[in-house]
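Q: Taking the hints into account, I'd like the entire structure generated from these sequences.
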Amino acid sequence: MSEMPEAIIAQEFDSLPNQDDPQVYHSFQLYVKQLCRIADFFHIIKKNIRLCITHHETPPLDGTILMIVLNLQHVWKYTLELKANTECTLFQTLDLHPTETVEILRSIMTPMSKTFEVKLHHISPASFKTLGVGQWLDNEIINYFVEKWCLKSQSTLGFNTWFMEMLCAHVKIQNGVLTLEDSKTVQRWCYSAEKSQGLVKWDRVFIPINEFNTHWYSASINFVTKRIEIYDSLAVVYFANRRRPVESRKNTNLMLVLMWLSEVLGRIRGEEVQLMNDSATEWQCDPHVEVPFQPNCFDCGVHVLWHLQHVLQFGTVQNDCVSPRWKFSSDMIGKRLRLAQEILDDCSL
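Position 181 of the sequence shown, counting from 1, maps to 181 under full-length UniProt numbering, and the rest follow consecutively.
Keep in mind that the hints were calculated from the coordinates and are not lab data.
Quick caveat, the model's predicted, so the values are computed rather than measured.
Heads up, the beta-carbon is just placed ideally off N, CA and C, and yes, glycines get one too.
A hint or two may mislead.
Said to hold, decoys possible - Here are the in silico distance ranges between beta carbons for each label pair:
id	residue 1	residue 2	range
1	Phe314	Gly132	44 to 50 Å
2	Ala126	Glu103	20 to 26 Å
3	Gln29	Pro125	20 to 26 Å
4	Lys226	Glu290	16 to 22 Å
5	Ser330	Ala126	17 to 23 Å
6	Phe212	Lys33	38 to 44 Å
7	Glu272	Tyr191	17 to 23 Å
8	Leu80	Asn253	21 to 27 Å
9	Leu51	Asn277	38 to 44 Å
Claimed, not checked - Simulated pairs of lysine to aspartate or glutamate, EDC-like, Cα-Cα distance not exceeding 16 Å:
id	residue 1	residue 2
10	Lys250	Glu290
11	Lys195	Glu147
12	Lys33	Glu342
13	Lys152	Asp346
14	Lys33	Asp95
15	Lys119	Glu342
16	Lys148	Glu194
17	Lys250	Asp286
18	Lys129	Glu103
19	Lys172	Glu211
20	Lys327	Asp95
21	Lys119	Glu271
22	Lys152	Glu342
23	Lys226	Glu271
24	Lys226	Glu140
25	Lys250	Glu211
26	Lys148	Glu271
27	Lys226	Glu282
28	Lys77	Asp40
29	Lys172	Asp182
30	Lys152	Glu194
31	Lys152	Asp203
32	Lys327	Glu87
33	Lys83	Asp40
34	Lys129	Glu342
35	Lys148	Asp346
36	Lys226	Glu194
37	Lys226	Asp182
38	Lys148	Asp278
39	Lys33	Asp345
40	Lys33	Asp346
A: See the structure below:
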């Protein structure tokens, strides 16, 4: 039985697309979509067989049905593994060939016909265009992926891009003082995010931050590892602040807000978190985590979404990640293409 899945799938998928083919990207996309359909097909059959068995008062005792279900499970897993490996090969190819990837991205961003715009239900065409070459991602794109990916995670609560802007505005108006009313406001935002992301329990929080409409960076609160971290992909910010006294660092005031927020969110989670004026706390706070840096002035939003990917996968941003699926690249054009393609796939385009 160990060779059976390979024998079945290899009839149609005996080799990866030729990477010298000018249409290699579209060939990879077709390849992956076909594997998805095959995996879905086997999964549905397996599910229906199990459902039929539950409707029998006396299930078959000869083991034939069980063997069929196990074989289907085996084929399904193999297909998913082949799909994952194929995607990693594609992602690596995109990162290794940025010039060609730029042309592919332009080719899928260009056809903004009226038909295309009507079908793009989830994102406005103007926002979608910010995924184009050299563009600054807007709020709509960031919020779309925060909500979608956190919904799938079932463990990470993602606030939208307006949340921290609102909270910091309150801090400024109230001369640095956060009140009980602010706590109630956070509760309302939290419950709204829980509802939209289908979360019952969560142990991590991700917060995208818009700095004066000129730069994106992010923060995370991890209740498992007891860490609060701020991620900024601008190298100049990291190196200018890393060795400064804590009170002189750029993100010190923001970290104080995040510490207060952690206490409020802790109460919502039903646990006591005490950070203010507690030198014995187990929590660690890093206002300037070293993360992969952007080499330009426009990729900060893409970096923020990859910060989220790492928080979802690893709990924090990993500088030494080598997986083609998750690792950062010096040129994030491959990531832009993947984000744009994901939206198009979500819209069945």
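Q: Which earlier hints turn out false for this structure, listed by number in ascending order?
A: As far as the earlier hints go, 1, 5, 8, 9, 14, 21, 24, 26, 36, 37 and 38 are violated by this structure, in ascending order.
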